[in-house]
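2 protein chains.
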Amino acid sequence: MLPIAVDAMGGDNAPAAIVEGSLRAAAESDVPVMLVGQPDALGALGHDLSGVEIFEASEVIAMDAEPGSSVRRMKDSSLVRAAEAVRDGNASAMLSAGNTGAAMAAALLRMGRIKGVSRPAIATPIPTPSGPPTILLDAGANADCQPEWLVQFGQLGAVYGRVGCGIERPRVGLLSIGEEETKGNALVKEAHPLLADFDWGRIGAEFIGNVEGRDVMTSDVDVIVADGFTGNVVLKTLEGGIKAVIAALLDAFGSSPEAAEAAEKLLPTLEPLYRRFDADSIGSAMLLGVKGVCLISHGSSSADAMMNGVVQGAALVETDLVTHLAAAVAPD
Amino acid sequence: MLPIAVDAMGGDNAPAAIVEGSLRAAAESDVPVMLVGQPDALGALGHDLSGVEIFEASEVIAMDAEPGSSVRRMKDSSLVRAAEAVRDGNASAMLSAGNTGAAMAAALLRMGRIKGVSRPAIATPIPTPSGPPTILLDAGANADCQPEWLVQFGQLGAVYGRVGCGIERPRVGLLSIGEEETKGNALVKEAHPLLADFDWGRIGAEFIGNVEGRDVMTSDVDVIVADGFTGNVVLKTLEGGIKAVIAALLDAFGSSPEAAEAAEKLLPTLEPLYRRFDADSIGSAMLLGVKGVCLISHGSSSADAMMNGVVQGAALVETDLVTHLAAAVAPD
Chain C
1 MLPIAVDAMG GDNAPAAIVE GSLRAAAESD VPVMLVGQPD ALGALGHDLS GVEIFEASEV
61 IAMDAEPGSS VRRMKDSSLV RAAEAVRDGN ASAMLSAGNT GAAMAAALLR MGRIKGVSRP
121 AIATPIPTPS GPPTILLDAG ANADCQPEWL VQFGQLGAVY GRVGCGIERP RVGLLSIGEE
181 ETKGNALVKE AHPLLADFDW GRIGAEFIGN VEGRDVMTSD VDVIVADGFT GNVVLKTLEG
241 GIKAVIAALL DAFGSSPEAA EAAEKLLPTL EPLYRRFDAD SIGSAMLLGV KGVCLISHGS
301 SSADAMMNGV VQGAALVETD LVTHLAAAVA PD
Chain A
1 MLPIAVDAMG GDNAPAAIVE GSLRAAAESD VPVMLVGQPD ALGALGHDLS GVEIFEASEV
61 IAMDAEPGSS VRRMKDSSLV RAAEAVRDGN ASAMLSAGNT GAAMAAALLR MGRIKGVSRP
121 AIATPIPTPS GPPTILLDAG ANADCQPEWL VQFGQLGAVY GRVGCGIERP RVGLLSIGEE
181 ETKGNALVKE AHPLLADFDW GRIGAEFIGN VEGRDVMTSD VDVIVADGFT GNVVLKTLEG
241 GIKAVIAALL DAFGSSPEAA EAAEKLLPTL EPLYRRFDAD SIGSAMLLGV KGVCLISHGS
301 SSADAMMNGV VQGAALVETD LVTHLAAAVA PD
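If you read the sequences in order, they're chains C and A.
If you're matching positions, the first sequence starts at 1 in the working numbering and goes up one per residue.
If you're matching positions, the second sequence starts at 1 in the working numbering and goes up one per residue.
Among the hints, erroneous ones may be present.
Any copy will do: because identical chains look the same in the list, a pair fits if it lies in one copy or spans two.
[To be verified] Derived DSSO-like pairs: lysine-lysine, alpha-carbon spacing no greater than 27 Å straight-line:
| no. | residue 1 | residue 2 |
| --- | --- | --- |
| 1 | K183 | K243 |
| 2 | K291 | K75 |
| 3 | K183 | K75 |
| 4 | K243 | K265 |
| 5 | K115 | K291 |
Keep in mind the hints are simulated off the structure, nothing from the lab.
Okay, chain C solo, but in the shape it has when bound (with noise of 0.2 Å):
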């Protein structure tokens, strides 16, 4: 297989925890690695970096930066490095923790769209308390959408859910605010007849119907269909009442000496479940719908979840997902 390629500059974490977690995917998991960046940066954190590629690029993308013309101006960052790395078959996926819409922007620029696709999309699992985790479709790469592009939505992340995570036949849902298919905002109410007419067992999925807020993070859907805005929000909203929920919870923990010690003796009972909900332990984030694998994870990811991130890129190409993706949308 050729190399995961890590932009190894981006990340709240970077490039510490960003070349820890790959060397460590390279060590324990025998996945070939190219780390993308400063090599100075780099070798000055001190690690043996023989097992592992370096691809010099000289520029960082910061987490802020606007994506579109920092893109288009930092031709040697780490970002847009390692978008040609796969489009030039130097690399086989790449994977950032750095700015979200500069990743996007950088693979869908360097890699280009699949052909028939007419917006990317991200992908986010979202965890659910048993089971596999719900995919969320679009979580932010396309703000205004086309009740068209949620269909195709739709059949990117069927195909992600079954070919990319082993979900044998992935149950679409549409996001409103209700389950009759009179509900919803216009752009649902649009979209959700073309999503009725598609023929779904043709990719090995079902649609059915609309999906509520509620039923996110349940086992009752495998892949949420939204524009961008909403997918967003949702994906946002989760993150922060969660951690809202576990910092209350910790605080109540700590709130008496006798309150602290029943605490300590569930720690064994909760971590699993804290690493089932937290955002840094669910996986990356996919960007469907581009000429390659490009998994996007999580700003604060720490070297664990760079390790899974690598581990799970590999995971996909070895699918060989994006010829899957392809097919499912080509016309008929």
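Following the hints, put chain A in place on chain C, whose structure we already have.
Only chain A this time, still in chain C's reference frame:
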């Protein structure tokens, strides 16, 4: 004070929980109550109803009935009669745990809009880990919105926050997908400058720009403005997310005798937390912009929730909220 007209027939637990909660509010808080519904059904519950007024209404609008046509057709329904009681000066407020859309339609059609209000909006309190709830509006009345409506939602929400909820100088935020004013979908990008241009000082509030999903459950903002589609999705997403986390916690607590024992000791600490985040405890939503106080409770409202709703309604009536709302939206 004129009585609070309670739709005794609306809600998953109607009429039993509705009547029980209303009677307790009347007894414990000395709030005058008018139960609107079928006298036979109310009498059959076996309570002493001598302390409250009974307003006969022969019909019941089902929880899943189509709102507009039900309200038009079922003129003797408890919901329509409750709204009429307010309109006719026989009640000071209405409260229903029934069909939300129908409650909205009944209030709108019978009470009418406050002069100058384009579209009434549902303001829903969202719990935060500490401090008062955040007020989210529109939480579902208007799936498709004009930018100007969002400005008015902000005005209505700010006055509700200051006068109705006692927030000294409400901070109003526009829900978007980035803090910069250039971030958002077309609606939000058009609404932002309109919100920024309004003289918030005139109504004792301030505009703090865009906020994101992750701010919803924090104390960083008091009033969150959104179109009714996004607002409703946010509300239901949080309900579902918190429910999922709590269910997973309870599962973990029951996973072994040791865990159960430790959890038992934490109960006194966790119970107030549970009450804070439980959908049933966080207060009723208010339909802002109609000529009267109209509170809408969660369909699953318990007797406790209804008691709180009645007391909340009486408190709002005493603030003369509707007059303040009318002053805020009046043309300069």
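**Asked** Hint numbers the structure violates, sorted upward?
**Response** none
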